[in-house]
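Protein chains in written order, with my numbering: chain A, 1 to 274; chain B, 1 to 274; chain C, 1 to 274; chain D, 1 to 274.
Some hints here could point you the wrong way.
One copy or two, either will do: identical chains are not told apart, so a pair holds if it fits within one copy or between any two.
As the list claims (entries may be wrong) - List time: in silico DSS-like cross-link candidates among lysine-lysine, alpha-carbon distance up to 30 Å:
1. K101 <-> K242
2. K75 <-> K240
3. K192 <-> K76
4. K242 <-> K67
5. K153 <-> K97
6. K137 <-> K248
7. K59 <-> K184
8. K240 <-> K101
9. K59 <-> K95
10. K66 <-> K169
11. K187 <-> K75
12. K198 <-> K75
13. K169 <-> K184
14. K184 <-> K146
Note that these hints are calculated values from the structure, not bench results.
Protein chains: 4
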Amino acid sequence: MFLKKIINSIADAGKDLLTKAFTGQRNLSTLLELSEDLISYKGVASGIAIAREISETYKTLSVEDKKKFFQEIDKKLKPNMDLIEQKSIEFAKNKNKETLKELASLAEGNRQEFIRRMNMAPNGTAFLVSMREDLLKIVLEDSTLKDLDEDFKHLFRSWFNPGFLKLEKITWDTKAAILERIIKYEKVHKIKNMDDLKRRLEEDRRFFAYFHPVLNDEPLIFVQVAFTQGLATSIQDIIKPKTDDKLKADTATFYSISNCQQGLTSVTLGNFFN
Amino acid sequence: MFLKKIINSIADAGKDLLTKAFTGQRNLSTLLELSEDLISYKGVASGIAIAREISETYKTLSVEDKKKFFQEIDKKLKPNMDLIEQKSIEFAKNKNKETLKELASLAEGNRQEFIRRMNMAPNGTAFLVSMREDLLKIVLEDSTLKDLDEDFKHLFRSWFNPGFLKLEKITWDTKAAILERIIKYEKVHKIKNMDDLKRRLEEDRRFFAYFHPVLNDEPLIFVQVAFTQGLATSIQDIIKPKTDDKLKADTATFYSISNCQQGLTSVTLGNFFN
Amino acid sequence: MFLKKIINSIADAGKDLLTKAFTGQRNLSTLLELSEDLISYKGVASGIAIAREISETYKTLSVEDKKKFFQEIDKKLKPNMDLIEQKSIEFAKNKNKETLKELASLAEGNRQEFIRRMNMAPNGTAFLVSMREDLLKIVLEDSTLKDLDEDFKHLFRSWFNPGFLKLEKITWDTKAAILERIIKYEKVHKIKNMDDLKRRLEEDRRFFAYFHPVLNDEPLIFVQVAFTQGLATSIQDIIKPKTDDKLKADTATFYSISNCQQGLTSVTLGNFFN
Amino acid sequence: MFLKKIINSIADAGKDLLTKAFTGQRNLSTLLELSEDLISYKGVASGIAIAREISETYKTLSVEDKKKFFQEIDKKLKPNMDLIEQKSIEFAKNKNKETLKELASLAEGNRQEFIRRMNMAPNGTAFLVSMREDLLKIVLEDSTLKDLDEDFKHLFRSWFNPGFLKLEKITWDTKAAILERIIKYEKVHKIKNMDDLKRRLEEDRRFFAYFHPVLNDEPLIFVQVAFTQGLATSIQDIIKPKTDDKLKADTATFYSISNCQQGLTSVTLGNFFN
Numbered sequence: 001m002f003l004k005k006i007i008n009s010i011a012d013a014g015k016d017l018l019t020k021a022f023t024g025q026r027n028l029s030t031l032l033e034l035s036e037d038l039i040s041y042k043g044v045a046s047g048i049a050i051a052r053e054i055s056e057t058y059k060t061l062s063v064e065d066k067k068k069f070f071q072e073i074d075k076k077l078k079p080n081m082d083l084i085e086q087k088s089i090e091f092a093k094n095k096n097k098e099t100l101k102e103l104a105s106l107a108e109g110n111r112q113e114f115i116r117r118m119n120m121a122p123n124g125t126a127f128l129v130s131m132r133e134d135l136l137k138i139v140l141e142d143s144t145l146k147d148l149d150e151d152f153k154h155l156f157r158s159w160f161n162p163g164f165l166k167l168e169k170i171t172w173d174t175k176a177a178i179l180e181r182i183i184k185y186e187k188v189h190k191i192k193n194m195d196d197l198k199r200r201l202e203e204d205r206r207f208f209a210y211f212h213p214v215l216n217d218e219p220l221i222f223v224q225v226a227f228t229q230g231l232a233t234s235i236q237d238i239i240k241p242k243t244d245d246k247l248k249a250d251t252a253t254f255y256s257i258s259n260c261q262q263g264l265t266s267v268t269l270g271n272f273f274n
Numbered sequence: 001m002f003l004k005k006i007i008n009s010i011a012d013a014g015k016d017l018l019t020k021a022f023t024g025q026r027n028l029s030t031l032l033e034l035s036e037d038l039i040s041y042k043g044v045a046s047g048i049a050i051a052r053e054i055s056e057t058y059k060t061l062s063v064e065d066k067k068k069f070f071q072e073i074d075k076k077l078k079p080n081m082d083l084i085e086q087k088s089i090e091f092a093k094n095k096n097k098e099t100l101k102e103l104a105s106l107a108e109g110n111r112q113e114f115i116r117r118m119n120m121a122p123n124g125t126a127f128l129v130s131m132r133e134d135l136l137k138i139v140l141e142d143s144t145l146k147d148l149d150e151d152f153k154h155l156f157r158s159w160f161n162p163g164f165l166k167l168e169k170i171t172w173d174t175k176a177a178i179l180e181r182i183i184k185y186e187k188v189h190k191i192k193n194m195d196d197l198k199r200r201l202e203e204d205r206r207f208f209a210y211f212h213p214v215l216n217d218e219p220l221i222f223v224q225v226a227f228t229q230g231l232a233t234s235i236q237d238i239i240k241p242k243t244d245d246k247l248k249a250d251t252a253t254f255y256s257i258s259n260c261q262q263g264l265t266s267v268t269l270g271n272f273f274n
Numbered sequence: 001m002f003l004k005k006i007i008n009s010i011a012d013a014g015k016d017l018l019t020k021a022f023t024g025q026r027n028l029s030t031l032l033e034l035s036e037d038l039i040s041y042k043g044v045a046s047g048i049a050i051a052r053e054i055s056e057t058y059k060t061l062s063v064e065d066k067k068k069f070f071q072e073i074d075k076k077l078k079p080n081m082d083l084i085e086q087k088s089i090e091f092a093k094n095k096n097k098e099t100l101k102e103l104a105s106l107a108e109g110n111r112q113e114f115i116r117r118m119n120m121a122p123n124g125t126a127f128l129v130s131m132r133e134d135l136l137k138i139v140l141e142d143s144t145l146k147d148l149d150e151d152f153k154h155l156f157r158s159w160f161n162p163g164f165l166k167l168e169k170i171t172w173d174t175k176a177a178i179l180e181r182i183i184k185y186e187k188v189h190k191i192k193n194m195d196d197l198k199r200r201l202e203e204d205r206r207f208f209a210y211f212h213p214v215l216n217d218e219p220l221i222f223v224q225v226a227f228t229q230g231l232a233t234s235i236q237d238i239i240k241p242k243t244d245d246k247l248k249a250d251t252a253t254f255y256s257i258s259n260c261q262q263g264l265t266s267v268t269l270g271n272f273f274n
Numbered sequence: 001m002f003l004k005k006i007i008n009s010i011a012d013a014g015k016d017l018l019t020k021a022f023t024g025q026r027n028l029s030t031l032l033e034l035s036e037d038l039i040s041y042k043g044v045a046s047g048i049a050i051a052r053e054i055s056e057t058y059k060t061l062s063v064e065d066k067k068k069f070f071q072e073i074d075k076k077l078k079p080n081m082d083l084i085e086q087k088s089i090e091f092a093k094n095k096n097k098e099t100l101k102e103l104a105s106l107a108e109g110n111r112q113e114f115i116r117r118m119n120m121a122p123n124g125t126a127f128l129v130s131m132r133e134d135l136l137k138i139v140l141e142d143s144t145l146k147d148l149d150e151d152f153k154h155l156f157r158s159w160f161n162p163g164f165l166k167l168e169k170i171t172w173d174t175k176a177a178i179l180e181r182i183i184k185y186e187k188v189h190k191i192k193n194m195d196d197l198k199r200r201l202e203e204d205r206r207f208f209a210y211f212h213p214v215l216n217d218e219p220l221i222f223v224q225v226a227f228t229q230g231l232a233t234s235i236q237d238i239i240k241p242k243t244d245d246k247l248k249a250d251t252a253t254f255y256s257i258s259n260c261q262q263g264l265t266s267v268t269l270g271n272f273f274n
């Protein structure tokens with residue numbers, strides 16, 4: 001695509017302008033420098049270049065380095081208690097809009113802005129979801145990172161707002177790549193293989209999944225429904241092969257609801273059915 | 001769609017639960033009550049019902065009532081200076097995370113949350129873009145509403161982040177409904193009619209538009225490019241009918257860039273080419 | 001596409017094997033030689049190469065040369081009266097299946113097989129439809145070519161069998177390239193421009209077209225329907241702008257049916273509505 | 001679809017006009033009467049109704065009755081030797097175009113026209129392909145039906161002409177319903193299950209299938225290609241799991257070509273690769 005190429009060449013140009021000398025080795029320290037650049041950049045083109053660089057470098061880190069990266073970045077971007085204290089005192093003396101705006105901005109810190117800017121990277125949203133997946137594991141060991149995770153969650157709630165999701169019926173006409181992911185994601189009433197899944201797509205069953213428009217072919221949450229005659233007495237009843245062709249169902253059972261993305265844990269959409 | 005129906009019926013049920021007695025007449029006061037409900041609701045289902053009700057009622061208002069609506073809602077949802085003052089003093093005495101969180105939340109106020117929740121309405125994003133279009137006109141008369149607009153802008157920057165937009169080539173194979181909108185939106189180098197537009201889609205021209213996945217068929221911004229031999233000396237040169245079949249272009253001119261949506265004024269994407 | 005390339009390279013190889021020396025100039029005599037080759041070739045690959053060569057050469061001919069081409073080819077491919085006479089006498093003496101098969105084959109001649117093989121050229125079907133369009137004009141001057149046209153018609157009836165056509169609703173969401181063709185093809189109740197067409201696509205109108213899967217974006221026939229209150233008294237009544245928003249239609253009028261392709265004149269599909 | 005409904009209601013009306021009294025039981029004799037009607041009908045609408053009725057009735061027949069049906073229909077529709085003899089003598093006396101046309105028509109008989117008209121039934125082409133599948137088995141027992149099969153083959157060659165087929169790349173993004181059929185159709189180098197198939201779709205493999213536009217999701221023929229370093233020494237080499245990530249292939253092996261449809265046996269497309 002012509003314009004795509006232009007944008008990429010601008011991004012490439014932006015990248016060349018980066019003062020960091022990449023000596024072939026990407027590592028934690030360059031990553032942190034880039035992160036500071038991202039927060040202070042001007043102009044979308046160089047922003048895209050930096051965000052791309054960060055996402056590519058991050059992926060090469062060890063688990064240990066990822067932990068250090070989150071800790072360092074949190075330290076740099078979190079709200080500055082001393083500055084907020086000063087501004088609070090100023091505001092208490094002088095309640096006006098400008099001071100309020102500054103206070104609100106200080107109180108938020110820079111973590112959200114960092115995440116928002118990272119979203120400009122190619123496949124930025126998918127990258128951020130997997131980044132939070134990492135973070136959630138690390139939070140278990142280092143609870144000081146909980147606030148960073150709160151900021152991820154805050155933005156994801158905005159981006160994965162029900163208004164942005166698309167509900168799609170999953171059938172045997174769905175592409176195999178999506179069906180394979182569903183098999184992998186179903187943790188409660190496990191699906192052994194494609195044949196096992198096929199049974200759950202038959203005419204007396206319904207299978208729906210929510211998708212986000214920029215996370216191609218990645219189901220976010222899915223819901224399984226069985227039409228039966230009377231209430232099924234057990235899950236085995238529901239997932240056993242179809243026996244009766246003449247379906248006279250009078251009952252719809254929602255028998256399984258799964259959140260697929262660890263990186264979207266407790267983001268609103270899952271609460272829909274609670 | 002089966003699940004769609006379920007969701008709608010839940011939403012309808014939620015609606016029935018609303019304590020407001022609609023006496024057939026929707027008006028400003030019910031709208032304000034609904035807006036308070038939206039901020040305080042629990043559960044997605046009733047949230048969707050209320051947001052839908054608000055969007056439908058809002059559309060029936062006169063310009064004068066819209067103005068009053070914005071003023072009232074701003075009054076109710078804007079940051080509360082007195083509470084922030086108290087919390088500021090508290091924070092200055094006791095710098096801890098909990099107090100900070102409360103301070104940040106008070107400093108933001110409830111306007112953003114209101115807008116985020118409105119996005120759950122069917123076609124909520126399109127509705128909010130047109131709502132801001134109204135607001136921008138009203139701000140010219142009542143500058144106190146500028147902060148409300150800032151909150152719209154803040155959220156739109158997050159939602160219309162370059163990472164969420166799709167770039168598409170506009171050609172003579174594009175659906176007429178989109179081409180018609182482009183004719184309407186091009187304000188600088190006006191397009192008289194379909195034939196006039198067709199010339200801009202020929203092989204020595206390129207036409208690209210950005211779309212947001214939930215604003216179907218609504219171009220957000222478009223860019224027009226001409227391939228010419230040497231620099232064109234005037235815009236007339238560029239938009240005149242093609243004369244020479246054997247194209248030996250050596251120059252690409254970006255001759256027109258248009259922001260289509262008034263409701264997205266000064267949201268980042270337009271700055272890309274600045 | 002990988003396999004496409006292989007096929008093309010096979011076709012190219014086939015082309016190189018052609019014994020005709022193309023001295024840069026394609027003309028009637030090479031075309032006739034190619035046509036004989038096409039009838040006698042073995043193997044699909046060289047067949048595709050020859051058919052492609054014929055279609056490209058044919059397009060460069062003058063009207064006069066096209067006429068000569070049809071006359072020459074008809075002479076070569078038409079049933080041979082003398083051979084049929086011999087075979088008839090043989091059959092009358094000896095009524096068996098083998099003789100019958102030979103007789104039937106001789107009685108059909110080679111014109112249909114030629115047309116069938118031409119269909120292997122890239123976009124062969126579209127080419128053949130436009131070839132018949134030429135032929136139909138030439139038949140008016142030279143009625144001896146009527147039988148050749150009968151063979152075209154026979155095959156087209158088989159290929160444009162109602163079972164192969166797809167009915168599609170034409171709306172304002174249809175691509176402009178198709179709408180433009182419809183404006184051009186409507187000869188009875190002329191459509192002035194896109195705006196004029198748009199009126200015929202509004203909610204109190206219906207517009208359907210038949211397409212053949214290998215003739216991309218080429219409507220074959222279209223049907224226009226008006227929903228009105230009571231029978232319209234004139235065509236002006238039907239094509240005038242919509243006046244009444246609250247549609248209480250009780251009458252559906254099929255007010256225009258058009259065959260789009262001259263090259264498909266009197267092929268069955270048009271008779272559907274007779 | 002509005003027009004679809006009209007067509008169906010016309011077809012239904014046509015059906016009501018059928019003089020056959022269906023006493024709830026469809027059988028061989030009504031089928032034969034319908035077949036005669038199909039040959040003699042006027043007008044597309046009643047033709048569609050009759051063809052639909054025939055296809056539905058045929059499917060209910062036992063193998064034995066199908067055999068009788070083919071025998072009876074062949075008897076009625078095959079070329080009439082006595083009439084051809086008369087016409088042959090007439091032609092030998094009087095070699096003119098009219099007599100030739102009549103002779104050719106008699107020599108062809110009515111079987112092809114019957115098949116052509118059957119194609120108007122809903123999913124007529126798919127029905128005819130499965131009908132020929134039945135016929136091919138029956139021909140093994142009754143070789144007098146070979147000529148009927150020749151007529152099927154003649155028409156299928158015209159309809160499944162390479163010019164009408166679409167080549168598509170099969171990948172893990174192909175719908176599961178198609179992949180399942182491919183597993184079933186691969187008879188030479190069997191595919192155990194979806195995982196086994198997935199290996200053949202990886203980046204060092206290519207998989208292509210031909211489709212006909214009216215046989216939805218039904219592969220007609222498929223071709224499998226392996227990219228390897230040097231020639232593989234055995235098929236096991238080719239279908240074993242991928243071991244080496246850094247692919248330096250220098251050889252493309254077409255290791256499997258399958259015709260999927262029994263009903264299309266020896267129709268040209270399969271010969272492409274011969």
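Hint by hint, here is what the structure shows:
In this assembly of identical chains, K101 and K242 lie within 30 Å of each other by CA distance neither inside one copy nor across copies; the values are 62 Å within and 53 Å between. In this homomeric assembly, K75 and K240 never come within 30 Å of each other (Cα to Cα): the closest approach is 53 Å inside a single copy and 51 Å across copies. Within a single copy, K192 and K76 get their C-alpha atoms no closer than 46 Å, and across copies no closer than 54 Å, so neither meets the 30 Å cut-off. Neither within a single protomer nor between protomers do K242 and K67 lie at most 30 Å apart by alpha-carbon distance, with minima of 49 Å and 34 Å respectively.
Both within a single protomer and between protomers do K153 and K97 lie at most 30 Å apart by alpha-carbon distance, with minima of 28 Å and 17 Å respectively. For a Cα distance limit of 30 Å, the shortest separation of K137 from K248 qualifies neither inside one copy, at 47 Å, nor across copies, at 38 Å. In this homomeric assembly, K59 and K184 come within 30 Å of each other (Cα to Cα) only inside a single copy, at 22 Å, whereas the closest approach across copies is 41 Å. Taking identical chains as interchangeable, the C-alpha atoms of K240 and K101 are never at most 30 Å apart, the minima being 60 Å within one chain and 51 Å between chains.
Proximity of K59 to K95 under the C-alpha cut-off of 30 Å is found in neither arrangement, the shortest distances being 46 Å within a copy and 36 Å between copies. Taking CA atoms no more than 30 Å apart as the test, K66 paired with K169 passes in neither setting, with 37 Å inside one copy and 39 Å between copies. Within a single copy, K187 and K75 get their C-alpha atoms no closer than 36 Å, and across copies no closer than 48 Å, so neither meets the 30 Å cut-off. In this homomeric assembly, K198 and K75 never come within 30 Å of each other (Cα to Cα): the closest approach is 49 Å inside a single copy and 46 Å across copies.
Both within a single protomer and between protomers do K169 and K184 lie at most 30 Å apart by alpha-carbon distance, with minima of 18 Å and 25 Å respectively. For a Cα distance limit of 30 Å, the shortest separation of K184 from K146 inside one copy, 28 Å, qualifies, whereas the shortest one across copies, 49 Å, does not.
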